[in-house]
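Enquirer: If you read the protein sequences in the order shown, they are chains A and B.
No gaps in the numbering here: position 74 of the first sequence is 74 in this note's numbering, and each next residue is one more.
To convert a position in the second sequence, counted from 1, into this note's numbering, add 192.
Read the hints as simulated data drawn from the structure, not as lab findings.
Hints may contain errors.
[Said to hold, decoys possible] A partial selection of chain A residues facing chain B, derived with a Cβ cut-off under 7 Å:
id: 1; residue: Glu-11
id: 2; residue: Pro-12
id: 3; residue: Ile-27
id: 4; residue: Val-28
id: 5; residue: Ser-37
[Said to hold, decoys possible] Now the in silico label distances, taken between C-beta atoms and shown as ranges:
id: 6; chain 1: B; residue 1: Tyr-267; chain 2: A; residue 2: Trp-34; range: 24 to 32 Å
id: 7; chain 1: B; residue 1: Pro-370; chain 2: A; residue 2: Asp-53; range: 25 to 33 Å
id: 8; chain 1: B; residue 1: Asp-344; chain 2: A; residue 2: Trp-34; range: 17 to 25 Å
id: 9; chain 1: A; residue 1: Lys-38; chain 2: B; residue 2: Tyr-267; range: 51 to 59 Å
id: 10; chain 1: B; residue 1: Val-238; chain 2: A; residue 2: Trp-34; range: 32 to 40 Å
id: 11; chain 1: B; residue 1: Gly-210; chain 2: A; residue 2: Arg-52; range: 49 to 57 Å
id: 12; chain 1: A; residue 1: Glu-49; chain 2: B; residue 2: Ala-461; range: 45 to 53 Å
id: 13; chain 1: B; residue 1: Tyr-267; chain 2: A; residue 2: Ala-87; range: 57 to 65 Å
id: 14; chain 1: A; residue 1: Glu-49; chain 2: B; residue 2: Arg-252; range: 13 to 21 Å
id: 15; chain 1: A; residue 1: Asp-53; chain 2: B; residue 2: Leu-443; range: 18 to 26 Å
id: 16; chain 1: A; residue 1: Glu-49; chain 2: B; residue 2: Val-335; range: 25 to 33 Å
id: 17; chain 1: B; residue 1: Phe-373; chain 2: A; residue 2: Lys-38; range: 33 to 41 Å
Beta carbons: idealized from backbone N, C-alpha and C, even for Gly.
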Amino acid sequence: MTPLLLAADDEPSPLGFNLAEFVLVLIVFGLLLWLVSKYVVPQFEKSFELRRDAIEGGIARAEEAQAEAARLLEQYNAQLAEARTEAAQIRENARAEAQRIVEDLRGQAQEESARIVARGEEQLASQRSQVVRELRSEIGTLAVELSEKIVGQTLRDDAAVRSTVDAFLADIEREQSAAATGATTGSAEPSA
Amino acid sequence: MSHTGLILAAGKGYNTPGPLEFFLPDFTGKQWNEKGYDVLLTKASVLLVVGAIVAFAFLRVTARRGQVVPSKGQYLGEQAYSFVRNGIAQDIIGAKYRRYVPLLLSLFFFVLFNNLFGIVPFFTFAPFSRVSFAYGLAALVWVIYIAVGVMDKGAFGFLKHTLVPQGVPGWILPLLVPLEFLSNIIVRPITLSLRLFANMFAGHLLLVLFSTGGAWLLFDATGSIVLKPAGVLAYLIGIAIGFLEVIVATLQAYVFTLLTATYIGGSLAADH
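Hey, can you work out the whole structure from these sequences and the hints?
Expert: Encoded structure:
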């Protein structure tokens, strides 16, 4: 190729056109462009896409986890409040129960003591009546013996004596019962 | 080639580097001659191919694994990819950017690696300092942004969209339409290619000048006492320019890609 422009001293111009080089650069760059479009750009785009997915997926996952955590926290708080209410209720119940038990026991104790007192009184009454019964016969015998010693004769007519004693005692008892109510009945035994 | 003897110096002359530095001989030894320069198998062509291979290898290796949690290499590739995809394509083209990501990505890394070859040891030549390579890429971009516009709006619609600015009084249109045609259809591919070419060309020429000049001052020039320190200084400046070239290489790749995106975006834009 002849240079388009020639410098004054017949040197070739650096601006001269050279077809061989012109064509060469088009071929070389054309090949490079084809290879880059086929093997480079899609690869970069793919890894960008992958990364974007990874990041967006990560963000979505993180948000999900955060929502889950918030939900769990709320749930725990609700459970905690529920447990507190329940505990308070249980405490209240226990206090009521304790009070009830104390009342019960007190009632029982009072009943028991009343019962014990009543039985004591009953026993006392029966012992008293027994003592009275024993004393009565003994007093009769003693009075007879004493009278015998005083009178100096044998009062062997038992039947007559006994009826006399009995009558005497009945008189005493009648006097007593007139004074004190609720005295033991049946003191007068029928004469033999 | 001029052998410029410096006034200060005697001894072996200095061969000043010039545009011929860029007319590399091919591997059979064939050179530029008065009939022209019709060689292809030069270092520039080989480096161009290597640049494409390196660009593809870099992108392919970093893209291949495609892990959700990227390795260091994948991270680097993804950063680079996102830079072109989001920082250039999406920001400038707008909603329909996806289709043009492969083109912009290829352009950016193809131009970037080729430009960086300008300072890679043993390569030390940026293929785009051969203007025809830049012409080729710019022509491709030209065809693409016109085709995109025509497909989007139809041939007439695209011409109207490109050439007739809205909200302008009718009597001024005969003046504006040719201007718009010139700037949007004719000048764009030329500036696009020349910008890239000239930056690479100038950078390479500076590197050649300071390194061969430094070597000549240090080893060949005899005469003044200041020549050797000047040679050391020339080397230091050459190294600084090397670092500058890294920035220029990256910036030019970015600008080329950005303008391509701008042109495509302009073709797709709704009427303003």
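Enquirer: Now tell me if each hint is right for this structure.
Expert: So, going through the hints one by one against the coordinates:
1. Glu-11: The hint holds - Glu-11/A has a Cβ within 7 Å of chain B, the shortest such distance being about 6 Å.
2. Pro-12: 6 Å, holds
3. Ile-27: 9 Å, violated
4. Val-28: Holds - the Cβ of Val-28/A comes within 7 Å of chain B, reaching about 5 Å at its closest.
5. Ser-37: 4 Å, holds
6. Tyr-267/B with Trp-34/A: 24 to 32 Å: 26 Å, holds
7. Pro-370/B with Asp-53/A: 25 to 33 Å: 53 Å, violated
8. Asp-344/B with Trp-34/A: 17 to 25 Å: 23 Å, holds
9. Lys-38/A with Tyr-267/B: 51 to 59 Å: With a Cβ separation near 23 Å, Lys-38/A and Tyr-267/B fall outside 51 to 59 Å, so the hint is violated.
10. Val-238/B with Trp-34/A: 32 to 40 Å: Violated: the Cβ-Cβ distance is about 21 Å, outside 32 to 40 Å.
11. Gly-210/B with Arg-52/A: 49 to 57 Å: 55 Å, holds
12. Glu-49/A with Ala-461/B: 45 to 53 Å: 28 Å, violated
13. Tyr-267/B with Ala-87/A: 57 to 65 Å: 59 Å, holds
14. Glu-49/A with Arg-252/B: 13 to 21 Å: 18 Å, holds
15. Asp-53/A with Leu-443/B: 18 to 26 Å: 36 Å, violated
16. Glu-49/A with Val-335/B: 25 to 33 Å: Between Glu-49/A and Val-335/B, where Cβ atoms are some 32 Å apart, the hint holds.
17. Phe-373/B with Lys-38/A: 33 to 41 Å: Check passed, 37 Å falls within 33 to 41 Å.
Of the hints listed earlier, those the structure fails to meet are numbers 3, 7, 9, 10, 12 and 15, in rising order.
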